[in-house]
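For reference, the chains in residue letters:
Protein chains: 2
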Amino acid sequence: MKVPIQDEWPEATSFCWGCGKNNSHGLQLKSYWEDEETVATFIPQEHHLAFPGILNGGIISTIIDCHGTGTANAAAKKMGRNDANSMYVTASLTVKFKKPTPLDKPVTLRAHVKEFDGDRITVTCTLYSGNTLCATGEVVTACVDPAVFIK
Amino acid sequence: MKVPIQDEWPEATSFCWGCGKNNSHGLQLKSYWEDEETVATFIPQEHHLAFPGILNGGIISTIIDCHGTGTANAAAKKMGRNDANSMYVTASLTVKFKKPTPLDKPVTLRAHVKEFDGDRITVTCTLYSGNTLCATGEVVTACVDPAVFIK
Numbered sequence: 001m002k003v004p005i006q007d008e009w010p011e012a013t014s015f016c017w018g019c020g021k022n023n024s025h026g027l028q029l030k031s032y033w034e035d036e037e038t039v040a041t042f043i044p045q046e047h048h049l050a051f052p053g054i055l056n057g058g059i060i061s062t063i064i065d066c067h068g069t070g071t072a073n074a075a076a077k078k079m080g081r082n083d084a085n086s087m088y089v090t091a092s093l094t095v096k097f098k099k100p101t102p103l104d105k106p107v108t109l110r111a112h113v114k115e116f117d118g119d120r121i122t123v124t125c126t127l128y129s130g131n132t133l134c135a136t137g138e139v140v141t142a143c144v145d146p147a148v149f150i151k
Numbered sequence: 001m002k003v004p005i006q007d008e009w010p011e012a013t014s015f016c017w018g019c020g021k022n023n024s025h026g027l028q029l030k031s032y033w034e035d036e037e038t039v040a041t042f043i044p045q046e047h048h049l050a051f052p053g054i055l056n057g058g059i060i061s062t063i064i065d066c067h068g069t070g071t072a073n074a075a076a077k078k079m080g081r082n083d084a085n086s087m088y089v090t091a092s093l094t095v096k097f098k099k100p101t102p103l104d105k106p107v108t109l110r111a112h113v114k115e116f117d118g119d120r121i122t123v124t125c126t127l128y129s130g131n132t133l134c135a136t137g138e139v140v141t142a143c144v145d146p147a148v149f150i151k
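Residue numbers (the numbering used here), protein chains in the order written: chain E, 1 to 151; chain L, 1 to 151.
It cannot be assumed that every hint is accurate.
No copy labels: a pair is met if it fits in one copy or bridges any two.
What the hints assert, rightly or not - With a cut-off of at most 27 Å between alpha-carbon atoms, the simulated DSS-like pairs for lysine-lysine come out as follows:
| hint | residue 1 | residue 2 |
| --- | --- | --- |
| 1 | K151 | K98 |
| 2 | K114 | K2 |
| 3 | K2 | K96 |
| 4 | K99 | K30 |
| 5 | K99 | K77 |
Derived from the structure by calculation, the hints contain no laboratory data. These numbers were taken from a predicted model, which means no experiment stands behind them.
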C-alpha cells in the first residue's frame with residue numbers, strides 16, 4: 001500500500017493544519033506520487049463553504065499550498081537534494097479561481113514540479129471537481145534550515 | 001460601536017468559513033474601515049499551526065482572501081458601484097510569506113484598494129505580528145451576479 005508523502009515526514013513536521021497526520025483538528029491532506037505527478041483527493045466538510053454549496057477559497061488555497069509543498073519536498077528527496085538540514089517551505093502562493101467548486105463532491109489535486117532554480121522549487125497544481133477545472137495554483141518554495149522553523 | 005464589514009452582508013452570504021458570522025465552525029474574521037484602509041485582527045487557535053508555534057500558511061491565505069474580498073465589496077458599496085445584482089468574489093489570490101508568523105499572538109491585517117479596473121477590484125494587504133511584517137497579499141476580485149453563487 002502506498003504511503004502518503006506527508007506521512008513520511010518526521011513527527012515534529014507532522015502537525016500542519018492542512019496536511020499533518022498529527023493534527024486531529026486539521027484537514028489531513030494526503031498526497032501520493034503517480035508517475036511524474038502527485039495526486040491528492042480531498043473531501044470537503046460541510047462547514048468548509050464560501051456560499052451554500054460552494055467550497056471556500058481559503059480551503060482551496062490551503063490544500064493547494066500543502067499539496068505543492070508536499071510535492072516540492074518529495075521531488076527534492078527523489079533527486080537527493082534534501083537532507084536533515086534542509087526543507088522546502090512556501091515563499092509565495094498564487095491561486096486562480098476559475099469556476100465555483102461544489103462543496104458536496106471530492107476535489108482532485110494534481111501537481112508537478114515546474115522548475116528547480118537554485119534553492120527554490122516551483123510547483124504548479126490543478127484542482128478539479130469531477131471533470132471541471134475549478135482552480136489552478138502555483139507554489140514557489142524555498143529551501144530553509146529546519147532549525148529556523150522547528151524549535 | 002462600529003459594525004464589521006462582513007456583518008452587514010445578507011444572511012445568505014454570511015456562511016463563509018473564513019468570515020461568515022453564520023458559520024459557527026469558521027474563523028469569523030471581522031474587518032473594519034479605518035480611514036481609507038481596512039483593518040482586521042485575528043487570534044489564531046492552537047491547532048492553526050504549520051510547525052509548532054508557527055501560524056499555518058493556509059490560514060494566513062484564508063484571512064487575507066476574506067479581508068481582501070471584504071474590502072473590495074465595502075469599497076464598491078462606498079462608491080455606489082454595487083447593488084443587489086452584483087458582488088465581488090476572488091478571481092485570484094497571491095500571498096508572499098516573508099517571515100514565520102508566531103501562532104501565540106494576534107495578527108493584524110491592513111488592506112486598501114489598489115485598483116478599480118472595469119469589473120475588477122484589486123486589493124493589497126499586509127499581515128503583521130506585532131511590528132513584524134510576516135506576509136503580504138494581493139486579492140483580485142471580479143464582479144459577478146450573486147445568483148450564480150447563491151441558489
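Requested in this report: Have a look at K99 and K77 and pick one of within, between, both or neither, based on CA distance no larger than 27 Å.
Outcome: Between. Shortest inter-copy distance 24 Å satisfies the 27 Å Cα cut-off; intra-copy 34 Å does not.
**Report entry** Identical-chain pair category, K114 with K2, by Cα at 27 Å
**Finding:** within (24 Å within a copy, 47 Å between copies)
Requested in this report: Have a look at K99 and K30 and pick one of within, between, both or neither, based on CA distance no larger than 27 Å.
Outcome: both (24 Å within a copy, 26 Å between copies)
Query raised in the report: Between copies, within a copy, both or neither: which fits K2 and K96 at Cα up to 27 Å?
Result: neither (30 Å within a copy, 33 Å between copies)
Query raised in the report: 27 Å Cα cut-off: does K151 pair with K98 within a copy, between copies, both or neither?
Result: between (39 Å within a copy, 19 Å between copies)
Going through the hint list in order, the structure does not satisfy hint 3, though it satisfies all others.
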